[in-house]
Amino acid sequence: MKKSVQLIFVSLLLLTPFTLLRGQEDVTKVLPQDSAVVTGTLENGLKYYIRQNNKPEQRIEFRLVVNAGSILEDDDQQGLAHFLEHMAFNGTKHFDKNDLVGFLEKSGVNFGADLNAYTGFDETVYMFQIPSDRQGLVDTAFMILEDWAHNLSLDTVEIDKERGVVHEEWRLGLGAQDRMMKKVFPIIFKGSRYAIRIPIGKMSVIDSCNYEVIDRFYYDWYRPDLMAVIVVGDIDPAYAETKIKEHFGTINNPEKERERKFYDIPGNKEPLVAVATDKEAFYSQVMLLYKQDKLKIETQNDYHRQLMINLYVRMLNSRLNEIVQKSDAPFAYAQALYMGYLSRSRDAFGAVAMAKTNKIPESIEALVKENERARKYGFQESELERQKAEILSNMEKAVKEKDKTESK
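Numbers in the numbering used here are just positions in the sequence shown, counted from 1, shifted up by 54.
Worth flagging that the hints you see were computed from the coordinates, not collected in a lab.
Heads up, some of the hints might be wrong.
No more than 20 Å apart at the CA atoms, straight line, and that leaves these computed lysine to aspartate or glutamate pairs for DMTMM-like [stated by the list, open to error]: (1) 456 x 88; (2) 244 x 232; (3) 451 x 435; (4) 236 x 334; (5) 236 x 216; (6) 456 x 111.
Restraint ranges, calculated between C-beta atoms of paired labels, are given here [said to hold, decoys possible]: (7) 454 x 426: 16 to 26 Å; (8) 353 x 90: 19 to 29 Å; (9) 456 x 315: 32 to 42 Å; (10) 337 x 382: 41 to 51 Å; (11) 324 x 111: 26 to 36 Å; (12) 266 x 398: 27 to 37 Å; (13) 160 x 128: 48 to 58 Å; (14) 364 x 208: 20 to 30 Å; (15) 86 x 269: 40 to 50 Å; (16) 279 x 382: 57 to 67 Å; (17) 266 x 81: 50 to 60 Å; (18) 172 x 266: 22 to 32 Å; (19) 219 x 449: 43 to 53 Å; (20) 161 x 412: 48 to 58 Å.
For every residue, glycine included, the Cβ atom is placed at its ideal position computed from N, Cα and C.
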């Protein structure tokens, strides 16, 4: 018999676990950038980041990052940021219909593993990796990025074909987890635009929107001042910089630019609670979310705070793991984590547990208890020293093996 699942999310703003970990020093010195990274901004506002890296050997990673996602959709465009991502593989100036995918696959690029894209609330990212030993292919890679940036065909026949593809993707995603999350998101994002701009959108819009509505999103938001090109791998940075300027330097921004607005997720004085059940789910999960202001890693003080957060999460996880080992533990699994992606303005600390049968209330109580115990009383010196030693060991290993760092 399939057991129903409950997902319980508690989102708190005032109960912040990291308050006791803040140091007294204010080191405002800006962190140095990797000197091997070549950066720049074109006159039209497009930014680029280039780094030569030889792992994996004879491979180059390309990214086109668009600073626009579902959060910017108009009411009649819900789902079109994601739909437009699909259309990038269905016809451009230099590749008819789905010829782009076929061309890259013949060049040794696997769709999915080496060639992909995703649409989030605030960004759309296109990515692919190619062999570096064929100069013609490398040159074509920059042309592909340019095509995505401003040369999508948006052929009406291909648009109508893709409506069905996206609809099927939506249908296949209608599993228990997806159905429950659709109930939970409006609570997590309560009072914000994020609650009504889930990237998959509305199928009614996908099925019936006019072609002009799709064109409008592309025209408004795919523009150089909202884009960045990233090239990392076995490539000469000077050559890559020249190609970026060649392909992107002449792209114009719209004469009438729409403002790229940023949206907040408001705080809440009382906990927000979401309960979602589904008969097809097989386990019960509870989660606490503690909203945090966005942590930007720009100064030494910011990095210091990030280390404190890392230490906190590791020490709390050690305690949660000790509970899991007990025979009377209310949950079979528990983990603390810091999610730096709730929105552009909010991060979140989370604590999640897989509750045992009929142990949902006890699991919530245990998670809250452990978070409160850490908030009020901190940790033992022995707990801190153990985690510091592990982090230092990991850092030393990373430095020793820095030349083995993969481009991804």
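Against the structure, the hints:
1. 456 x 88: 12 Å, holds
2. 244 x 232: 18 Å, holds
3. 451 x 435: 24 Å, violated
4. 236 x 334: Holds. Residue 236 to residue 334 sits at ~15 Å (cutoff 20 Å).
5. 236 x 216: 23 Å, violated
6. 456 x 111: Measuring from Cα to Cα gives roughly 15 Å; hence the hint holds.
7. 454 x 426: 16 to 26 Å: For residue 454 and residue 426 the Cβ distance comes to about 40 Å; the hint is violated.
8. 353 x 90: 19 to 29 Å: The hint (19 to 29 Å, Cβ to Cβ) holds, given that residue 353 and residue 90 are roughly 21 Å apart.
9. 456 x 315: 32 to 42 Å: 39 Å, holds
10. 337 x 382: 41 to 51 Å: Distance hint for residue 337, residue 382 is violated at roughly 19 Å.
11. 324 x 111: 26 to 36 Å: 55 Å, violated
12. 266 x 398: 27 to 37 Å: Holds, since residue 266 and residue 398 (Cβ atoms, about 29 Å apart) stay within the stated range.
13. 160 x 128: 48 to 58 Å: Cβ of residue 160 to Cβ of residue 128: about 39 Å, so the range 48 to 58 Å is violated.
14. 364 x 208: 20 to 30 Å: Since the Cβ atoms of residue 364 and residue 208 sit about 44 Å apart, the hinted range of 20 to 30 Å is violated.
15. 86 x 269: 40 to 50 Å: Since the Cβ atoms of residue 86 and residue 269 sit about 43 Å apart, the hinted range of 40 to 50 Å holds.
16. 279 x 382: 57 to 67 Å: 58 Å, holds
17. 266 x 81: 50 to 60 Å: The hinted range 50 to 60 Å holds for residue 266 and residue 81, with Cβ atoms some 52 Å apart.
18. 172 x 266: 22 to 32 Å: 25 Å, holds
19. 219 x 449: 43 to 53 Å: 45 Å, holds
20. 161 x 412: 48 to 58 Å: Given a distance of about 55 Å, which is inside 48 to 58 Å, the answer is holds.
Violated hints for the displayed structure, listed by number in ascending order: 3, 5, 7, 10, 11, 13 and 14.
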